[in-house]
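Chemist: Here is what each chain is made of, one letter per residue.
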Amino acid sequence: MSQPVLSMQGISKEFPGVKALTDVDFELYPGEVHALMGENGAGKSTLMKILSGVYSPTKGVIRLKGKEAVFGNPLDAQLQGVSIIHQEFNLFTNLSAAENIFIDRPEMAGRFGRIKWSKMVEEAQALVDSIGGGEIDVRREVRHLGVHSQQVVEIAKALSFKADVLIMDEPSAALPENEVKKMFEVVRKLRSQGVAIVYVSHRMKEIFEIADKVTVLRDGRKMDTRPIGEVTEQSLIQMMVGKEVQQLYPVREQPHGTEVVLKVSELSLDASHKISFELHKGEILGLFGIPGSGSHTVAERLFGLKRGSGGLEINGKPVKIASPGDAKAKKLAYVPPDRHRQGIIKPMSVRQNISFPTLPGLSKGLVLDGEAIRGVSAEYMEKLRIKAPGDGQSVDFLSGGNQQKVVIAKWLAAKPDILILEEPTRGVDVGAKAEIYSIIHGLAQEGLSILLISSEMPEVLGLSDRVLVMYKGEIVHEFARGEADQEQLLQRASHPRTEGAAI
Amino acid sequence: MTTWTSRLPFKSGTLLVQLVLLLFILILFSFLSPYFLSVTNFMNVLNQMVEVGLIAIPMTMIIISGAMDLSVGSILAFSAVSMGVAFERGYNIWVCVIFGLLAGLMCGAINGYLIARHRMQAIVVTIGMLVMLRGLVYVVNEGRPISGFPDSFYFLGQEYIAGIPFNAIILVIMFLIANFFMKKTRFGTYIYGIGNNEEVVRFSGISVIRVRFILFMLSGLFSALAGVFLVSRLASAEATSGTNIELDVITATLIGGTHIFGGRGSLTGTFVGLLIIVFLRNGLNLLGVSVLYQAVILGALLLLAVANKKISGE
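Going line by line, the protein sequences match chains A and B. Going by the UniProt record's numbering, the residue at position 263 of the first sequence is 263; the numbering climbs one at a time, nothing skipped. Going by the UniProt record's numbering, the residue at position 251 of the second sequence is 251; the numbering climbs one at a time, nothing skipped.
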């Protein structure tokens, strides 16, 4: 093959306290689909953000078509020929496809800022047609288009900048099954036009179907780049996971109880998917799935944030949960995945945040009992070792790990029987991670039943007594503690039931 | 950024600025008008600020929760006229008062139902109610004023106790109760919580719907109460009652330091903001400044108050 269209050499990126990328080389040739793989936190998104101009690297050089390139910001990168299509589309749904493709472009403006409509529509249609989107009328508002067509518009927008390099971040995540095929056709068309495509995905099946080459990152380092013909699923997973043993996880001293605390039967996740499982007293039950597997919906349904059908039994009694308030009354607690949006009220104090869900119990009649509130927050600040100058400190000023502990504390204060933890260590540093793991472990030892939903494999495997694997709205496998390693877990999580069973 | 106020030993710099502004207004008009600095004038001012003040209580809470109620003036008129019409039918005046209050409560419940339960935009819903109720008021009494209430009823708006207007005493008591409610009960905490991050409140197992509903009910009730006091003070229930009162109420709330997007604010601030605008109006009136210029000055003051917050980086 000829010259690489893009080459990144010795790229390192440091954030305060974290080294996200170390000395990564990455080369991309025209007309190839290059898959980029790695676990969560391996550095994929950091690398792509550097490539698309969101971050600038701490060290290293980017060469575009042989010349050194510096991307000041995403628009700068786009103008130089590198475009990214995010998992979540960036379209103005109230504007037409043509307007979305050519928004804010000087060449589409005439005198006095008049927009050259006919030119814009013509060129937009030509672009969309060129990638096989002939059925799309670019004059229609984007909200009337299907998900696949919206993606085509996104791609056309990227191409309108004469993109040489197109980054696609989990492009199939938003698409229904039958539209993934259509997306592949578009990708192949782009490849034949000489566009270099970086395809970021967790899904093995797609990688083998579409990619020419694959690069694997782990812990911020590049493991290898190989032609797709030279790797197998096993070897890829091995590269992604590595073999390191971590002492982050406490050792279980006593087995958990046998009585069933939570029995979920035929709980609907959407119109066509239902799941059933049981959680025992003092058990840590892991629930693992790649994005789009529906593990998040399980939490939403259990906690009454989303409605549907299905039966729930808590301690042997059937219960109905229609709202988070019901869930709380039934002794269920939920530590949500996004603490900034769902977990903490930032300007409020540590004390106010910890006591927030349990204020009715911390009042004398109508009036708040200040002493009781201080007592509860002191108790849990100590128990979870929350580091703050005082309980009056606004949580906004705490570190990520301490904020996360505040969210856990506010739910422990509610004295739950069942604790749902979703991504409990997202965005916290390794030290805080270890602390949170020992907290989770300790709670289970005290008899709290825990449902641990996480996309971090080491965490799920290290903490859980059992692991349920989800794939597209179904539980496809169950592992006992110690039964699975990361390779097997990922294999089950990226396959439908039948294929998984065959391997 | 820090300003000189942040170095002073007060908790809230904003409140201090407001108090200084109030003092400045009081001193300025004392020099400019010989009638301003007198007990009679002060008591008059207090007597006249009660309606705006009563409505400012739930308005402050609603704005802190991140919403808005523009229908208060129309609810005031609707309640006042409902009360008047009932009185003309020959019911006991106190029965009519309760009837008026219930009318306001009902309007608030409709607002609350649409906004809390169906997540409709508060501004849109309350503008709808503002227009609709004002129309309804004209329909109900055909635009004529209703008067001739018994003397016992005028006690509410016209009587003085120990030289202080009875209605002003009620207003202060209401402010104290509401302030206690905001600071010392869980509902207050929920209101601040919703204004800062509604999602977290929902994820904490607390019904945001119920809190919002209660707030709009409260707003309806207090608007009706303001209507009752207004009728008592002016001895007449009119279809035009309370027109544009929402602008005064919101101005007082914002000058009082409540953040228009919610999350921050206090009833103490609103009370001071209220005093600022009523004394400013009164002083300008005494100086013979036309109502039109008064509006200009009041608007400028509001801009100044917001600018001060922006510039001091709050």
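Derived by calculation from the structure, the hints in this document are not laboratory data. The beta carbon of each residue, even a glycine, is placed where N, CA and C say it ideally should be. Possibly wrong hints are sitting among the right ones.
Claimed, not checked - So these bits of chain B aren't anywhere near chain A, every CB distance computed over 12 Å: (1) R134; (2) F166; (3) Y192; (4) G195.
Stated by the list, open to error - The following label-pair restraints were derived from C-beta to C-beta distances: (5) A:R307 to B:N285: 38 to 46 Å; (6) B:S207 to A:G370: 46 to 54 Å; (7) A:E483 to B:E199: 34 to 42 Å; (8) A:R307 to B:L176: 52 to 60 Å; (9) A:G390 to B:K184: 14 to 22 Å.
Chemist: So which of those numbered hints doesn't the model satisfy?
Modeler: Structure breaks hints 3, 4, 5, 6 and 8.
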